[in-house]
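Here's the letter readout for the chains.
There are 2 protein chains.
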Amino acid sequence: MSKPLILICNDDGITAPGIRALVRAVRDLGDCVVVAPDRPQSGMGHAITIGHPLRVQAQHGLFGEDLPAYQTSGTPVDCVKLAVDQILHRKPDLLLSGINHGSNASINVIYSGTMSAAVEGGIEGIPSVGFSLCDYALEADFGLSADIARVVAKSVLERGLMPGTLLNVNIPKIDPAQFRGLRVSRQASAKWKENFEERHDPHGKAYYWMTGEFELLEQSEDTDEWALRNGYASVVPVQFDLTAHHALSNLQGWGMQGWKIEGGSE
Amino acid sequence: MSKPLILICNDDGITAPGIRALVRAVRDLGDCVVVAPDRPQSGMGHAITIGHPLRVQAQHGLFGEDLPAYQTSGTPVDCVKLAVDQILHRKPDLLLSGINHGSNASINVIYSGTMSAAVEGGIEGIPSVGFSLCDYALEADFGLSADIARVVAKSVLERGLMPGTLLNVNIPKIDPAQFRGLRVSRQASAKWKENFEERHDPHGKAYYWMTGEFELLEQSEDTDEWALRNGYASVVPVQFDLTAHHALSNLQGWGMQGWKIEGGSE
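One line per chain: the protein sequences are H and V, in this order. Those letters in the first sequence? Residues 18 to 283, by this note's numbering. Those letters in the second sequence? Residues 18 to 283, by this note's numbering.
Among the hints, erroneous ones may be present.
Any copy will do: because identical chains look the same in the list, a pair fits if it lies in one copy or spans two.
[Said to hold, decoys possible] Computed cross-link-like contacts, DSBU-like style, restricted to lysine-lysine with a CA-CA straight-line distance of at most 30 angstroms:
| id | residue 1 | residue 2 |
| --- | --- | --- |
| 1 | Lys-20 | Lys-208 |
| 2 | Lys-222 | Lys-108 |
| 3 | Lys-277 | Lys-20 |
Hints are computed from structural coordinates only; laboratory data are not their basis.
Working from the sequences, and respecting the hints, build out all of it.
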């Protein structure tokens with residue numbers, strides 16, 4: 018039986034410690050191939066590159082001689098598309114993204130390049146998982162995260178995922194001895210309250226740095242934020258059908274349903 | 018009573034015909050302010066700008082003397098954040114994004130900067146709507162789209178939207194006489210089959226242009242794609258809770274739920 022083909026990507030760039038930890042954790046589970054951005058692409062969300070062309074460069078030495086690796090000039094989502102169409106020439110059996118330097122729990126899932134790569138994998142029908150460690154430090158300890166990545170990757174290889182879903186796994190910054198386990202959760206309601214810092218350049222013109230404060234809007238025990246704040250790693254099934262199904266019937270009751278030109282002009 | 022404050026943005030850039038059509042359609046419904054990217058930002062998804070600062074420049078002449086307008090160097094989502102925090106200094110009563118040049122129906126919602134601006138509005142608690150015309154031509158006829166934008170904007174100002182939801186409105190490229198009405202729909206299952214075109218630069222090195230084919234994966238009459246292909250404009254309620262709630266109990270049955278260090282090592 019042939020080994021599963023595992024595509025590994027991230028958004029922190031191909032040289033980030035997090036992707037090295039991920040590769041080390043799972044490399045014997047299948048034939049691994051790394052396709053990752055040539056520079057940090059945090060906060061890129063589901064961006065794709067339309068207006069200019071992309072470059073791909075082999076970097077086979079980076080993860081050891083036996084592991085094919087490529088850096089691209091594109092976004093994390095571009096990396097997945099390039100990998101499937103131009104590098105692997107087939108759909109991998111598993112896509113793993115990360116390990117991200119910093120949380121992608123709750124609303125962060127939507128801004129995250131790491132998670133968007135996993136979402137793109139899901140759209141393409143590949144069982145996909147994104148991993149994030151709630152620690153922004155370059156020298157963060159990825160030990161626990163790597164153990165978790167291996168357990169989750171093995172589970173997904175064995176069981177697959179429900180169609181139209183992927184996984185968002187976040188790991189707390191915690192002493193492994195204090196770790197309380199994996200916890201299947203839902204995305205907590207939260208937002209970033211932006212707070213731009215205005216500065217002036219040497220010519221007196223204003224420019225703005227984005228900063229923000231994370232505002233958690235609920236404390237429920239079934240959420241990913243609760244899990245992370247209580248010593249668990251959160252596992253959230255994510256979907257890319259964005260339809261608010263619960264809002265359909267309400268909207269269908271509005272007068273505008275069925276509105277046409279004749280009746281609509283005032 | 019004071020007029021509602023309406024924030025208008027897009028992803029095609031502040032000079033695109035689509036945003037001019039949107040402003041014309043709704044300008045008397047409230048106090049309108051335009052905050053839009055200084056250049057095309059299609060396909061930017063929910064990208065935000067973290068690694069470098071942003072510029073904001075007043076462009077008050079662009080939409081007539083009485084309408085404040087600003088261009089920013091950021092993404093569509095950056096525009097919404099800058100508008101709320103630095104330009105309006107308060108939450109607008111309505112956010113309208115578009116009118117996009119090209120469809121944002123079905124899976125396109127996830128790649129779209131226009132829809133991501135509306136999603137960001139929704140996250141911030143602003144009733145938000147994105148509008149897209151299924152016609153990429155710069156000289157596209159935005160007449161029907163503008164009429165629809167006005168009707169939907171008035172409805173949302175009157176009724177508000179359910180918390181955690183926003184609207185994705187797509188308008189077919191159609192003779193207005195053939196238009197069959199607005200149709201509340203769900204997001205159709207679809208994907209893009211990428212197909213990169215490889216070329217070589219004058220130095221012989223390869224580069225890749227992203228192209229793709231849209232693959233519709235279902236034909237149900239309750240989907241946005243069906244509506245658009247049958248003469249309707251689609252109205253899809255969108256949410257930013259990406260949790261696949263229907264997959265939670267399945268995952269909770271996996272052995273990995275509750276996995277800890279002790280039991281996890283092999």
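Against the structure, the hints come out as follows:
1. With identical chains, the CA atoms of Lys-20 and Lys-208 are at most 30 angstroms apart between copies only, with a shortest distance of 27 angstroms across copies and 41 angstroms within one.
2. In this assembly of identical chains, Lys-222 and Lys-108 lie within 30 angstroms of each other by CA distance solely across copies; the values are 26 angstroms between and 49 angstroms within a copy.
3. Taking the shortest Cα distances, Lys-277 and Lys-20 sit within 30 angstroms of each other only across copies (27 angstroms), while inside one copy they are farther apart (57 angstroms).
The structure fails none of the hints (numbered hints given earlier).
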